[in-house]
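Engineer: Below are the chains, spelled out letter by letter.
2 protein chains.
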Amino acid sequence: MYTAKHMKWWGWGDEEVGFNTSAHPGLWPYAKAVLGVEEEHLDTPPVSFEAVQLRDAIHHDRFLAELRLWMRADQICDSRYERVVHTYGKGLRDLFRMRRGMAEGAPDLVLYPENEHDVLMTIRAAMDHDVVVVPFGGGSNIAGCLERADTRRMVVSLDMRRMRRVLAVDTESCTASIEAGVFGPDLEEQLQGYGLTLGHFPDSFLHSTLGGWIATRSAGMQSDKYGKIEDMVIALRMVTPVGVLATRIVPKSSNGIDVNHLCIGSEGTLGVITEATMRVHPRAELRRTHGYLFLDFESGIEAIHECVRKECVPSMVRLNDPDKTALSLAFKPPSSRLSQAVSGVMKSYLRVKGFDFTRACLMLTTFEGSKANLARQHNQVGAIYRRFGAVDLGAGSGKSFESTKYDFPHIRDFLMDRGITSDVSETSTVWSNIIPLYRASTAALRGAILNVGSDGESGVEPWVGCHISHTYQSGASLYLTFACRQQLGREMNQYLRAKRAVQQSFIDHRATLSHHHAVGTEHLPWLTDDISHVGVMAVAAIKAGLDPGNVMNPGRLQPSAKPFEEWSRIGSDAVCPIPADVR
Amino acid sequence: MYTAKHMKWWGWGDEEVGFNTSAHPGLWPYAKAVLGVEEEHLDTPPVSFEAVQLRDAIHHDRFLAELRLWMRADQICDSRYERVVHTYGKGLRDLFRMRRGMAEGAPDLVLYPENEHDVLMTIRAAMDHDVVVVPFGGGSNIAGCLERADTRRMVVSLDMRRMRRVLAVDTESCTASIEAGVFGPDLEEQLQGYGLTLGHFPDSFLHSTLGGWIATRSAGMQSDKYGKIEDMVIALRMVTPVGVLATRIVPKSSNGIDVNHLCIGSEGTLGVITEATMRVHPRAELRRTHGYLFLDFESGIEAIHECVRKECVPSMVRLNDPDKTALSLAFKPPSSRLSQAVSGVMKSYLRVKGFDFTRACLMLTTFEGSKANLARQHNQVGAIYRRFGAVDLGAGSGKSFESTKYDFPHIRDFLMDRGITSDVSETSTVWSNIIPLYRASTAALRGAILNVGSDGESGVEPWVGCHISHTYQSGASLYLTFACRQQLGREMNQYLRAKRAVQQSFIDHRATLSHHHAVGTEHLPWLTDDISHVGVMAVAAIKAGLDPGNVMNPGRLQPSAKPFEEWSRIGSDAVCPIPADVR
Chain A
2 MYTAKHMKWW GWGDEEVGFN TSAHPGLWPY AKAVLGVEEE HLDTPPVSFE AVQLRDAIHH
62 DRFLAELRLW MRADQICDSR YERVVHTYGK GLRDLFRMRR GMAEGAPDLV LYPENEHDVL
122 MTIRAAMDHD VVVVPFGGGS NIAGCLERAD TRRMVVSLDM RRMRRVLAVD TESCTASIEA
182 GVFGPDLEEQ LQGYGLTLGH FPDSFLHSTL GGWIATRSAG MQSDKYGKIE DMVIALRMVT
242 PVGVLATRIV PKSSNGIDVN HLCIGSEGTL GVITEATMRV HPRAELRRTH GYLFLDFESG
302 IEAIHECVRK ECVPSMVRLN DPDKTALSLA FKPPSSRLSQ AVSGVMKSYL RVKGFDFTRA
362 CLMLTTFEGS KANLARQHNQ VGAIYRRFGA VDLGAGSGKS FESTKYDFPH IRDFLMDRGI
422 TSDVSETSTV WSNIIPLYRA STAALRGAIL NVGSDGESGV EPWVGCHISH TYQSGASLYL
482 TFACRQQLGR EMNQYLRAKR AVQQSFIDHR ATLSHHHAVG TEHLPWLTDD ISHVGVMAVA
542 AIKAGLDPGN VMNPGRLQPS AKPFEEWSRI GSDAVCPIPA DVR
Chain B
2 MYTAKHMKWW GWGDEEVGFN TSAHPGLWPY AKAVLGVEEE HLDTPPVSFE AVQLRDAIHH
62 DRFLAELRLW MRADQICDSR YERVVHTYGK GLRDLFRMRR GMAEGAPDLV LYPENEHDVL
122 MTIRAAMDHD VVVVPFGGGS NIAGCLERAD TRRMVVSLDM RRMRRVLAVD TESCTASIEA
182 GVFGPDLEEQ LQGYGLTLGH FPDSFLHSTL GGWIATRSAG MQSDKYGKIE DMVIALRMVT
242 PVGVLATRIV PKSSNGIDVN HLCIGSEGTL GVITEATMRV HPRAELRRTH GYLFLDFESG
302 IEAIHECVRK ECVPSMVRLN DPDKTALSLA FKPPSSRLSQ AVSGVMKSYL RVKGFDFTRA
362 CLMLTTFEGS KANLARQHNQ VGAIYRRFGA VDLGAGSGKS FESTKYDFPH IRDFLMDRGI
422 TSDVSETSTV WSNIIPLYRA STAALRGAIL NVGSDGESGV EPWVGCHISH TYQSGASLYL
482 TFACRQQLGR EMNQYLRAKR AVQQSFIDHR ATLSHHHAVG TEHLPWLTDD ISHVGVMAVA
542 AIKAGLDPGN VMNPGRLQPS AKPFEEWSRI GSDAVCPIPA DVR
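Quick mapping for you: the protein sequence lines, in order, are chains A and B. Quick note on this note's numbering: the first sequence kicks off at 2 and runs consecutively. Quick note on this note's numbering: the second sequence kicks off at 2 and runs consecutively.
It is worth saying that the hints were derived from the structure and are not from the lab. Do not rely on the hints blindly, as some may be mistaken.
The list treats identical chains as one, so a pair stands whether inside a single copy or across any two.
Stated by the list, open to error - Straight-line C-alpha distance at most 27 angstroms; calculated DSSO-like pairs for lysine-lysine:
(1) Lys-372 <-> Lys-226
(2) Lys-311 <-> Lys-372
(3) Lys-6 <-> Lys-406
(4) Lys-406 <-> Lys-9
(5) Lys-311 <-> Lys-563
(6) Lys-563 <-> Lys-33
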């Protein structure tokens with residue numbers, strides 16, 4: 002039985018994989034400089050595994066007895082290790098707690114279903130015995146989707162990783178029916194046997210599952226070509242407390258309300274997605290990523306938008322703002338072709354074209370297809386980019402991006418080890434609003450980290466960067482990354498203050514609470530603003546109909562009457578007060 | 002106040018517009034030949050307007066008194082004419098009844114809201130006084146979406162046509178916020194002022210509204226380029242009995258369950274869509290439709306599929322099977338360039354290429370864009386078509402299609418005048434299933450019309466044609482048209498028998514109940530097969546949450562316990578028994 006590894010319990014990635022400082026010698030000096038780190042101090046390192054504090058598991062004997070009727074012993078786990086690795090996702094709030102051994106949200110039991118019957122019987126038994134079921138994919142979510150909302154009832158984490166098979170492939174129609182627990186690399190390996198790809202490559206690709214992607218409306222790096230995950234779903238099966246919801250494998254329909262869309266984005270609150278039939282694609286013959294340097298962020302945005310208008314959007318575009326560009330360069334090995342290319346461009350063009358390092362922006366662009374198609378795309382896009390003042394840094398400059406593209410999440414652990422908080426918030430908006438939103442949300446973030454609050458708190462130097470990716474005819478997503486020195490004893494308050502400010506700025510400036518990270522805990526206070534009170538009522542109505550016992554991932558997608566009070570809670574006892582003026 | 006005209010109460014189109022026999026002299030001889038009409042007999046012509054039988058209107062005085070507090074007298078109509086034109090849609094079952102003056106499903110009152118407040122207040126008053134509200138767009142639906150399910154409570158038809166404004170256009174982001182009651186031509190005229198188009202051109206374009214398109218998941222002729230209506234919706238506002246559901250104008254989101262998709266396809270059961278923000282597009286500079294002749298249906302399908310694979314799908318493809326091709330040619334004026342071209346091709350190629358008129362298939366293909374782009378598309382697609390044995394009939398041959406493309410629905414009235422039933426059923430499936438489904442569903446239709454049933458009924462000569470349009474990466478839609486001589490006194494039974502057979506064949510052969518016509522009454526018995534019992538429960542749960550008083554278009558999207566008994570009912574007293582062996 003193939004089983005993907007669990008990520009390290011206190012951080013991102015496999016146990017033996019971390020941030021390789023010697024490969025990225027420029028990062029820490031850059032971070033120190035921009036964050037005003039004068040004296041290095043280490044944050045509390047992760048406590049030892051033995052020191053992790055779990056509450057005693059709630060055990061429901063009759064429920065367990067029922068499970069044992071159809072599951073083997075190796076499918077039913079209550080070890081300390083299993084409970085700990087299934088405690089939270091990988092949000093900053095989660096890492097903060099796990100590093101300190103605060104695992105009170107741990108599930109009481111972990112189950113490994115191997116087929117739909119296992120899932121169905123588990124949920125039935127959970128209904129019968131009032132036990133909570135939380136579907137678990139890779140545990141990579143950073144929006145707090147795995148926050149434990151129920152401390153009274155027994156909570157079972159349903160780890161889907163053993164349901165990993167590609168069940169059927171229709172090569173003529175380019176569809177594949179796939180079990181939902183499959184991880185990214187495993188799925189792509191299986192599809193490769195048919196010469197196919199799903200084309201979904203989120204940053205979490207190595208550590209996340211198909212079911213998780215669908216339940217959270219994920220987007221991969223190449224969404225410009227292949228779409229967001231919701232655009233790829235043709236049919237699915239979801240086990241709910243009232244039975245199995247199943248749809249037909251047809252390209253499009255007019256069969257009333259599209260019930261696929263009730264399952265997509267349901268974040269585990271309605272049931273467990275066990276299988277999905279997805280659009281798949283012949284694998285591209287060739288694939289090449291180029292770096293381009295633009296004079297400024299605005300001209301880069303204009304260039305992307307022009308590609309959208311001309312219907313020649315590459316399979317990936319990622320435009321960094323000046324700060325994110327500086328970070329990208331600091332992140333590269335000094336010997337990398339990107340660093341060399343940028344430095345060459347800077348020298349040659351500084352006077353001729355007026356490149357200014359404090360304003361220049363790096364745009365990574367991936368082309369895919371046959372040799373001829375790739376050349377055509379490169380010419381067409383390159384011509385547009387040039388019109389907006391860009392310089393092509395060549396294909397070599399994209400290679401280091403390709404080789405390190407799944408490494409970014411490791412930086413957070415590296416920085417936390419050094420007393421620095423860093424996190425992300427992302428959203429989407431229409432083209433006409435991108436620059437105003439960019440200015441407002443980066444300013445809100447900087448202000449919340451830097452400024453003295455009404456409570457008399459003094460701030461620290463902020464670092465805020467942004468990139469634009471995931472483009473659409475009507476707009477694009479905006480992805481903000483921020484970092485700051487931790488203020489000892491107020492680390493969580495700092496984070497919540499910054500997070501609240503940036504999320505509120507999204508909502509105040511006509512954007513959405515998240516483009517592809519989900520609602521979870523982190524974004525729940527803004528759900529009503531985003532989809533309206535009646536929208537929230539509608540979601541609650543579906544929940545009431547399909548999960549009358551409220552056993553599926555309770556508390557999610559339902560804003561509380563005092564949203565920010567709940568939101569500031571980092572454990573059953575600890576609440577971090579956020580000043581009311583941070584909006 | 003601009004107001005689109007009502008269609009004629011007994012048939013399709015404006016009062017003064019009908020089927021122009023002299024422009025299409027070939028149609029009737031063709032129909033007579035293929036249907037075995039030996040002696041012309043006329044069906045019951047539509048009764049006189051005065052003879053239409055309405056039941057007495059149910060009046061609820063306190064409800065009416067409340068309406069009059071905020072609506073003008075011209076917004077509140079209870080005249081016989083208003084009630085009659087709002088009675089049904091234009092399904093065959095509807096026309097059959099209206100021609101005979103059977104208007105017992107007429108609403109009791111017709112209201113013309115002019116803004117969202119009117120809609121909100123109406124629905125509130127309806128809740129307070131237990132009055133049923135049925136949203137009415139153009140009344141063009143042919144799936145029975147306007148069937149009256151409640152004869153006990155007062156029923157109000159909420160005619161949305163006065164809410165017709167384009168409220169805001171964001172030309173940079175290519176979005177337009179539009180009131181839902183606008184008709185196709187009016188909308189396109191308003192958008193033309195900005196150089197934009199929605200790109201949605203269903204057969205009903207002249208007589209249907211934006212809100213109706215969204216509520217039924219409509220598809221236009223150019224969906225290959227612009228998508229189905231659900232792909233175009235960016236945000237919307239829907240007034241429900243518990244308040245206004247409103248979403249944000251953002252390209253994509255991960256904000257939990259996508260509540261836009263609860264409104265899309267809701268068929269009036271949850272509330273009234275008052276406004277939608279839609280993706281719009283710069284108008285194409287040029288537009289040209291070519292006819293192509295293929296050796297057979299299979300090679301035409303292969304050619305379309307190859308265009309999909311090569312990502313060069315034109316803005317419209319419509320491939321007729323041999324019978325539909327013959328009908329198309331019979332429909333053209335004899336002087337048309339299409340007829341001349343086909344006849345020329347037939348003569349020249351008959352021996353050389355092996356064209357056989359009984360198997361040859363016409364494919365209409367529309368190219369759009371700048372002069373250069375159009376030429377490129379034409380070359381690329383033309384090369385693919387040629388590889389599959391097609392002959393280009395030239396752009397002239399597409400002109401008669403363009404000039405008559407909205408005329409097809411008139412044929413049904415023309416044929417009914419002559420004692421002939423004709424109707425359509427459509428679905429979608431994956432590429433690998435198109436030919437098997439085509440064979441099975443056309444055979445089922447022919448069999449149900451021709452064969453003697455277990456009840457000893459003898460049949461008549463069937464005519465069944467099919468076209469393929471609306472292509473996707475994974476499949477396409479299949480659109481069946483059928484006709485037969487009416488058997489006097491059993492007209493409705495004949496229709497129901499044929500309709501049941503074809504719908505059941507869709508379900509039996511892994512297709513969906515409808516690709517773009519909606520569920521309505523006609524397809525309701527197959528909803529559970531299509532979206533599963535839990536899917537139906539989910540839809541019911543949303544309904545219970547947003548419309549606790551069940552005042553919004555009751556009965557729709559909820560299959561009855563005895564689905565075919567309800568389905569066979571053509572009035573409160575009349576039930577047409579369908580032999581059980583027609584499955």
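Engineer: Next step is simple, just say for each hint if it's right about the structure.
Structural biologist: Hints and how they fare:
no. : hint                : verdict
1   : Lys-372 <-> Lys-226 : both (17 angstroms within a copy, 26 angstroms between copies)
2   : Lys-311 <-> Lys-372 : both (21 angstroms within a copy, 14 angstroms between copies)
3   : Lys-6 <-> Lys-406   : within (20 angstroms within a copy, 59 angstroms between copies)
4   : Lys-406 <-> Lys-9   : within (19 angstroms within a copy, 63 angstroms between copies)
5   : Lys-311 <-> Lys-563 : neither (47 angstroms within a copy, 53 angstroms between copies)
6   : Lys-563 <-> Lys-33  : neither (38 angstroms within a copy, 73 angstroms between copies)
In this structure, the earlier hints numbered 5, 6 are contradicted, and the remaining ones agree with it.
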